[in-house]
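S.K.: Letter by letter, the chains look like this.
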Amino acid sequence: MGNVLEVKELSKQYTKVLAADKVSFEIGEGEIFALIGPNGAGKTTTIRMISTLLTPTSGDAVIAGHSVVNEPEKVRESITYLPDEAGAYKNMTGIKYLRFMAGLFFSDIDDINNSVERAKNICGLGDRLEDKIGSYSRGMIRKLLLSRAVMTKPKLAILDEPTSGLDVLNAIEIRKMIKKMAVEEGMSFLLSSHNMLEIEFVSDRVGIISKGHLMVTGTSAELKERYQAANLEEVFERVVKENEIH
Amino acid sequence: MKFINLLKKELSELINIQMILSLVLTMGIFMILGNVMKSSIDEAIDSTKNVTINISDRDQTDFTKAIEQALLDINDDPDENTSVKLKYFDTTGDDYAKILEDNDINNIVIIPEGFTKKVEADERPNIISVNRMESAATLSNISDGNSSAISLIRDCISSSIASEYNISEEKYDLLEYPVDVTDNTVIDDKSAEISSGSIMAKISIQNMILPIIVFVLIIFTSQMLMNAIANEKIDKTLETLLSAPVSRLAIIGSKMLAAAIIALINAAVFMFGFSFFVSDSTTEVTETAKTAVEGSISMDEAFRQLGISLSTGDYILVGLQLFFTILICLSASLILGALVDDPKKTQNMLMPIMMLAIVPYMISMLADINTLPTPVKLVVYAIPFTHTFTSIPNLMFGHTTLFIFGLIYQILFFIVCIFFALRIFMTDRIFTISLNFGQKNKYKKKKKGAAASDEE
Chain X
1 MGNVLEVKEL
11 SKQYTKVLAA
21 DKVSFEIGEG
31 EIFALIGPNG
41 AGKTTTIRMI
51 STLLTPTSGD
61 AVIAGHSVVN
71 EPEKVRESIT
81 YLPDEAGAYK
91 NMTGIKYLRF
101 MAGLFFSDID
111 DINNSVERAK
121 NICGLGDRLE
131 DKIGSYSRGM
141 IRKLLLSRAV
151 MTKPKLAILD
161 EPTSGLDVLN
171 AIEIRKMIKK
181 MAVEEGMSFL
191 LSSHNMLEIE
201 FVSDRVGIIS
211 KGHLMVTGTS
221 AELKERYQAA
231 NLEEVFERVV
241 KENEIH
Chain E
1 MKFINLLKKE
11 LSELINIQMI
21 LSLVLTMGIF
31 MILGNVMKSS
41 IDEAIDSTKN
51 VTINISDRDQ
61 TDFTKAIEQA
71 LLDINDDPDE
81 NTSVKLKYFD
91 TTGDDYAKIL
101 EDNDINNIVI
111 IPEGFTKKVE
121 ADERPNIISV
131 NRMESAATLS
141 NISDGNSSAI
151 SLIRDCISSS
161 IASEYNISEE
171 KYDLLEYPVD
181 VTDNTVIDDK
191 SAEISSGSIM
201 AKISIQNMIL
211 PIIVFVLIIF
221 TSQMLMNAIA
231 NEKIDKTLET
241 LLSAPVSRLA
251 IIGSKMLAAA
261 IIALINAAVF
271 MFGFSFFVSD
281 STTEVTETAK
291 TAVEGSISMD
301 EAFRQLGISL
311 STGDYILVGL
321 QLFFTILICL
331 SASLILGALV
341 DDPKKTQNML
351 MPIMMLAIVP
361 YMISMLADIN
371 TLPTPVKLVV
381 YAIPFTHTFT
391 SIPNLMFGHT
401 TLFIFGLIYQ
411 ILFFIVCIFF
421 ALRIFMTDRI
431 FTISLNFGQK
441 NKYKKKKKGA
451 AASDEE
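Chains as they are written, first to last, in this note's numbering: chain X, 1 to 246; chain E, 1 to 456.
The hints are simulated quantities; they were obtained by calculation from the structure and are not laboratory data.
Take these hints with a grain of salt, some might be off.
Said to hold, decoys possible - List of simulated lysine to aspartate or glutamate pairs, EDC-like, C-alpha gap at most 20 Å:
1) E:K2 / X:E77
2) X:K120 / X:E71
3) E:K8 / X:E185
To be verified - A few chain E residues facing chain X, derived, Cβ under 7 Å:
4) N5
5) K9
6) E239
7) T240
8) S243
9) P245
10) D428
Yeah, the Cβ is synthetic: ideal placement off N, Cα and C, and Gly gets one too.
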């Protein structure tokens, strides 16, 4: 199984803060990798560098053979990014939004139609897709954006807090959908979440980041064994506290 | 294909019910204003042609009655195209407000007692003119009912004095208008037989339209593009858009083009509405002006003789400068829009562009920038939009070097602006840049406070 993403010593220095410090990890094809960490740990900065939105101060990330530093436009053809608290154009209807976004990925009308059809099935918004997004609830917008993120079948879907704003039943449905796409379609996912239960259920491997350092990576089972913890939440607590002492 | 997709999205974001309503409203306002102006001017012109004089003759002599009769005789004079109607009122005292109120009128001319005696004693007699002023609005006071009446009374007294001294009508005319003036206007080395006032009247009507259109274009274009960028940042859609496989140049280009298209539609509506307003409200005035210059050469001929009529090439140059003005607005708005990270800041960010448009707009309307003191002149010329406002006068009066300098300056200004705008959008500055003066101050204060407590 080849790697879809290889992150090599990725660092980002803001004026006063070193937000990410030599972060390295990789994600294989069809693998779900979750990046977890406390607020301000550097998760979003790392994700934004991989999504080509921020330029790394040093290091690189290679996605499907393309470098985020040297070929960001090529990288964008292989990824989709769903930011935390992302919005959509309120004056557009749901269906127009999906069509507009698909039009940014494909020029062929059949590809656009197939993507929109796929998104329609995934989001489950039915007739509400004909309504303006301004009239949607937060959960509905999230479902629309999630379906947008996977409709083009990217090699790597980067989802920051994928289920935020969704109720329990919808969140479960989304987690199942992510797992299914990874297994059946070989799509890789880079997730970020505060919900440890979700991470434990959905991800194949986990990376814990604290103060810009990627402290540890491994499967949930490996990490629980290494830290003699009952669940991922305890692992997270110990890793973060350990880093604070150092 | 992707660019068209982006452009369609940008246009659909900008064209909404509010925008269409505001355009319709703008047209409506100009049409209503044009009609109001036209009816007021018509009324004013009508009041000079059909004069109703409210008169109170407190002297009651044969002479005053003869004046009144002479006023009515105007109706029988085929050379006069004014009709006069007299309304007589008996009044006493000097409480003029009460006199107007009691008689339910807005003006009156009072011939006081002893008027005739003064005329007979070769002294200058006095007439009392009373006018009610109901508001400060220019249009409501455009016609003063008494002015034409008093002018007619003056003529009557003058001709009565003339006949008393056996002065013939021809000689009286000569006394009244002893000199004929032939107006000539010179611009550079060319001259034409026309008054500079007539030239100015025509130029000012023409030149009123362009600055307003330019001003509307600058403000609309800037506001739309700034909102388009700021809304993407505030609504958190920019990250999704910029992570899509579409070139950033296409994203910026589509936003700029959509804002320019809508701004041009707005400018066209303004131009149409304003020209409607100007033609409605100035037709009568222009007609009057034409009558006044009858006998002189035509206005177009005068413009040609003076070399101030614009050629097709001149209009192309003006269009080119307008094009660069829009490009400067668009590139500056890209930078300012990128600095917005809070909805409340969007309006504040428009202020710099608004000021840069208002200052040259006002100055170019009121004064010739070239006559300003050098430091002020340099500051005003440093504002890129100044050169757009002065483009037509510069070409008209042969200041071609100044025009070319302005055009080159605008092109350079645009290159600098677009360079910085692209540096922001092609890199991650679009996500990291912001103006946080307040926060910086807070930070500095905090640092200072911490330093002070450390010293303690």
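S.K.: Indicate, hint by hint, whether the structure satisfies it.
M.R.: Evaluated hints:
| no. | hint | verdict |
| --- | --- | --- |
| 1 | E:K2 / X:E77 | holds (13 Å) |
| 2 | X:K120 / X:E71 | violated (32 Å) |
| 3 | E:K8 / X:E185 | violated (33 Å) |
| 4 | N5 | holds (4 Å) |
| 5 | K9 | holds (5 Å) |
| 6 | E239 | holds (5 Å) |
| 7 | T240 | holds (6 Å) |
| 8 | S243 | holds (4 Å) |
| 9 | P245 | holds (4 Å) |
| 10 | D428 | holds (4 Å) |
In summary, the numbered hints that this structure violates are 2, 3.
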